[in-house]
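4 protein chains.
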Amino acid sequence: SEPLMLIAGPCVLQTQELAFEIADLLTKINERKDVNVVFKASFDKANRTSVDARRGPGIDEGLRLLEQVHRHSGLPVTTDVHLPEHCDPVSQVCSLLQIPAFLARQTDLVVAAAKTGKPVNIKKGQFMAPEDMRFVVEKARASGDGGVMLCERGTFFGYGRLVNDMQSLPIMRSFGVPVVFDATHSVQRPGGLGGATGGNREMVEPLARAAVSMGTDALFFETHPDPDTSPSDGANMIPLAAFESMIDKLLQLHATVRSLG
Amino acid sequence: SEPLMLIAGPCVLQTQELAFEIADLLTKINERKDVNVVFKASFDKANRTSVDARRGPGIDEGLRLLEQVHRHSGLPVTTDVHLPEHCDPVSQVCSLLQIPAFLARQTDLVVAAAKTGKPVNIKKGQFMAPEDMRFVVEKARASGDGGVMLCERGTFFGYGRLVNDMQSLPIMRSFGVPVVFDATHSVQRPGGLGGATGGNREMVEPLARAAVSMGTDALFFETHPDPDTSPSDGANMIPLAAFESMIDKLLQLHATVRSLG
Amino acid sequence: SEPLMLIAGPCVLQTQELAFEIADLLTKINERKDVNVVFKASFDKANRTSVDARRGPGIDEGLRLLEQVHRHSGLPVTTDVHLPEHCDPVSQVCSLLQIPAFLARQTDLVVAAAKTGKPVNIKKGQFMAPEDMRFVVEKARASGDGGVMLCERGTFFGYGRLVNDMQSLPIMRSFGVPVVFDATHSVQRPGGLGGATGGNREMVEPLARAAVSMGTDALFFETHPDPDTSPSDGANMIPLAAFESMIDKLLQLHATVRSLG
Amino acid sequence: SEPLMLIAGPCVLQTQELAFEIADLLTKINERKDVNVVFKASFDKANRTSVDARRGPGIDEGLRLLEQVHRHSGLPVTTDVHLPEHCDPVSQVCSLLQIPAFLARQTDLVVAAAKTGKPVNIKKGQFMAPEDMRFVVEKARASGDGGVMLCERGTFFGYGRLVNDMQSLPIMRSFGVPVVFDATHSVQRPGGLGGATGGNREMVEPLARAAVSMGTDALFFETHPDPDTSPSDGANMIPLAAFESMIDKLLQLHATVRSLG
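Protein chains in written order, with my numbering: chain E, 908 to 1168; chain U, 908 to 1168; chain Z, 908 to 1168; chain L, 908 to 1168.
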């Protein structure tokens, strides 16, 4: 009977003003019972389709902004790491480190993240079976005892199309770790828009409902006051104005699911 | 705010005694509010992996048994059709005709079923995009006005593995038809067991919960007092003794989902 | 050191004039050494996407046309069967019966085709592993001894996209049956064009080369003097004017491959 | 009418003795006309399934061994890079840098490799459409003019299974770059063996034939005198004793293919 964890934020760090606007709403949501909110934003989008795509402020400026968000809101913060040397500085600011899905098999990165002693949220590679994430958990556990979470964020289904194999949530949960459902990236259409990445925002809530009803421990969302101006992932994001009412529905569903056992 | 439809029964017709045992439990469940039960069983398993596999009693004996179930229980009954000439006799006994997933693209079968004037439950081909089921709906609607339902029962994901693309439920529902989630066949592992078909019964309830939370109109289950003795699909079936308590949980979830809007 | 078998023709039967035009070219190709040509055309396209799509002349007129082609050209002829009752009349005219890929698992159809005593060319279901075609071969062999061929025509890879798993040729050949590579349908894009089916003609020759180099026993092509006017599959077809030079290259490659052992 | 490029070697560097044994055979093959051989071996297997798996000698010792191979044999050498800081030192020894498939989308790595001015062989991500490799080529070309090659090494087809989409060779070639077919990794079965990776050596030659017949510019193979003792990928490797006769057949096929135009 744990509260539902909510990992949320803009996709990528932009201005302090934007980060605070989103953090303020998340702080308000965090006052509800049965929910724990973590603020998430990236300092670098390291695998954009195009070399010209905007990538974010970089690690130094990014960590400075994340620390400001933490001080301003009191919320714990998290971000994703792309290279082993990111892990130490990120762990100075963040309560949780995130490993991107494309890098879930890079041993040195998983080991460096686990060695910080902070919990690590590892996204299931879009190319991996949920059963094979067991080996990734073992890599992390052999290297640190801060704890591991595993995140379902879609599996490649043919070219440029993701499906969620919802069975991955109970399968990965059976390894004794909390599981996260990344509702935003699950509706991506990688490579679908000729050099950028498309998405389908309308499917975010239905899939998040499914994850809650199957017992997910955490949900991950990207939200933005004006998604269409986000440097990346806008097509998947929930507009900030619609975010709170969606979360309220999911918390009601979560309460029923917990009562079912 | 429709009741949840429940299509359930043994996979294939065996004895009258077995059919009545299952129908008796379904009749009891049907007395709950907010649920409408339809009894389903096949008279022929027409696409078994092996030529030696048992196939069922055939259409004449099968329809006789289904009529007895209907008279005994008062429940509406349904079965699947494999050839155009099956549709007329089946429509004399059944309130709903079912088109198997492998045959979802066979024009003559879809047309013959629709022409009976009875509603037709068409399973999405495991090889079809949910978006393309729109054309199948058009085939049926051009041929009769008894109504169409579309059923998600899994999509091929590589060889011998099914995934449910849960997005198919809202996508197919957007065509203006009720949608069914076949929780039993969705956990099949076709070709997984060297000449037979395997499955994973433990995933039936989690996936059914996901479907309910996403707004499915109907659920489909196979149940049997002793699944391991069923001539087919035993590995996927819910034991009859566990069926009622699972349905109760799903109805509680359904009530919450309806209240969310 | 068998000759290469070539199964070719228009997708669907239209006029006698068109059939003879194509048969005349195939007769000319058949005079080359190391090739045996079979004329193929469908009398019914039974699984078109749309109910309004043109389907062909039907079985009676279709078999009449095929018999005329056979008398006119001396070439053996083949066509596909969709229902068990098609098999007997088709076997009166055709030297080879073909089972469509969507129907590869329908036991009654495979059994009826095999019972005619004619060889049966069974297309691997786009949804089946090559290894599982072994069970289909057993179904046919248990029902008749006219011989079986297995045909690779693409495997579903996500929605609306086919890939050829070229390993299926050696895998299916290991069952002791000749294998066919259907170069035309392998480049289909099912559901790709909003109610019709697209394709990519430019990939036909490269894939046919690959199949020859891997030891295929037969190749299957659709050809038409004016592909864009064909009632179906035009986007995949080889224009008749380009057909002969493509076949010549493939026969040269075949000669080298045979010399390698 | 370029010669066929052959990239070959043991999967991972072990001893100097082993490297020289393989290099000696490759030097002998390199004397044939119409073939250019490049020696390839990894200094680190950075994404092994298990944290306990052996990874190789590391970059310093690995580059020392590669330089010895080059001096001993005169063959150009290549290896794979996993982090941006690898690219400079590797480019001091190697004539060609290789980007692993899992890392094909990591912008910083592609850019750092291209900036060395050496040609870069980028493996198509197993999760990427060949069409989308165009953007990766653009990333490299924007960063250096040493040239790019693209390598087909299999595409994920469901969990733990690779298929080669052979169409990727002509598609990627249409970007104006030479293409490589990695015949060894294409027959991997990732995650297939409970913590290690399996494979199917028998399919290496048939698939290599297919690639040659479709016009590949280069082939990639792993070979080892005793594959079952290799620290990784043994199940896919060609035994050294069988390597030369396989290459001879492929060169004969290549000669015919070139004559066809």
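It is possible that part of the hints are untrue.
Identical chains share a label here; the pair holds if one copy fits it or two copies do between them.
As the list claims (entries may be wrong) - Below, in silico cross-link-like pairs of lysine-lysine (DSS-like), each with a Cα-Cα straight-line distance of 30 Å or less: (1) Lys1156 to Lys940; (2) Lys1156 to Lys1022; (3) Lys952 to Lys940; (4) Lys935 to Lys952; (5) Lys1022 to Lys935; (6) Lys1022 to Lys940; (7) Lys1025 to Lys952; (8) Lys940 to Lys1025.
Just so you know, the hints here were simulated from the structure itself, not pulled from any lab data.
Do the hints match the structure? See the list:
1. When the C-alpha separation of Lys1156 and Lys940 is checked against a cutoff of 30 Å, the pair qualifies both within a copy, at 14 Å, and between copies, at 24 Å.
2. When the C-alpha separation of Lys1156 and Lys1022 is checked against a cutoff of 30 Å, the pair qualifies neither within a copy, at 38 Å, nor between copies, at 42 Å.
3. In this assembly of identical chains, Lys952 and Lys940 lie within 30 Å of each other by CA distance neither inside one copy nor across copies; the values are 33 Å within and 47 Å between.
4. In the homo-oligomer, the alpha carbons of Lys935 and Lys952 lie at most 30 Å apart inside one protomer (28 Å), although the nearest pairing across protomers, at 47 Å, exceeds that limit.
5. When the C-alpha separation of Lys1022 and Lys935 is checked against a cutoff of 30 Å, the pair qualifies neither within a copy, at 33 Å, nor between copies, at 48 Å.
6. Taking identical chains as interchangeable, the C-alpha atoms of Lys1022 and Lys940 are never at most 30 Å apart, the minima being 33 Å within one chain and 53 Å between chains.
7. Taking the shortest alpha-carbon separations for Lys1025 and Lys952, both the intra-copy value of 22 Å and the inter-copy value of 26 Å come in at or below 30 Å.
8. Within a single copy, Lys940 and Lys1025 get their C-alpha atoms as close as 25 Å, which meets the 30 Å cut-off; across copies the closest is 49 Å, which misses it.
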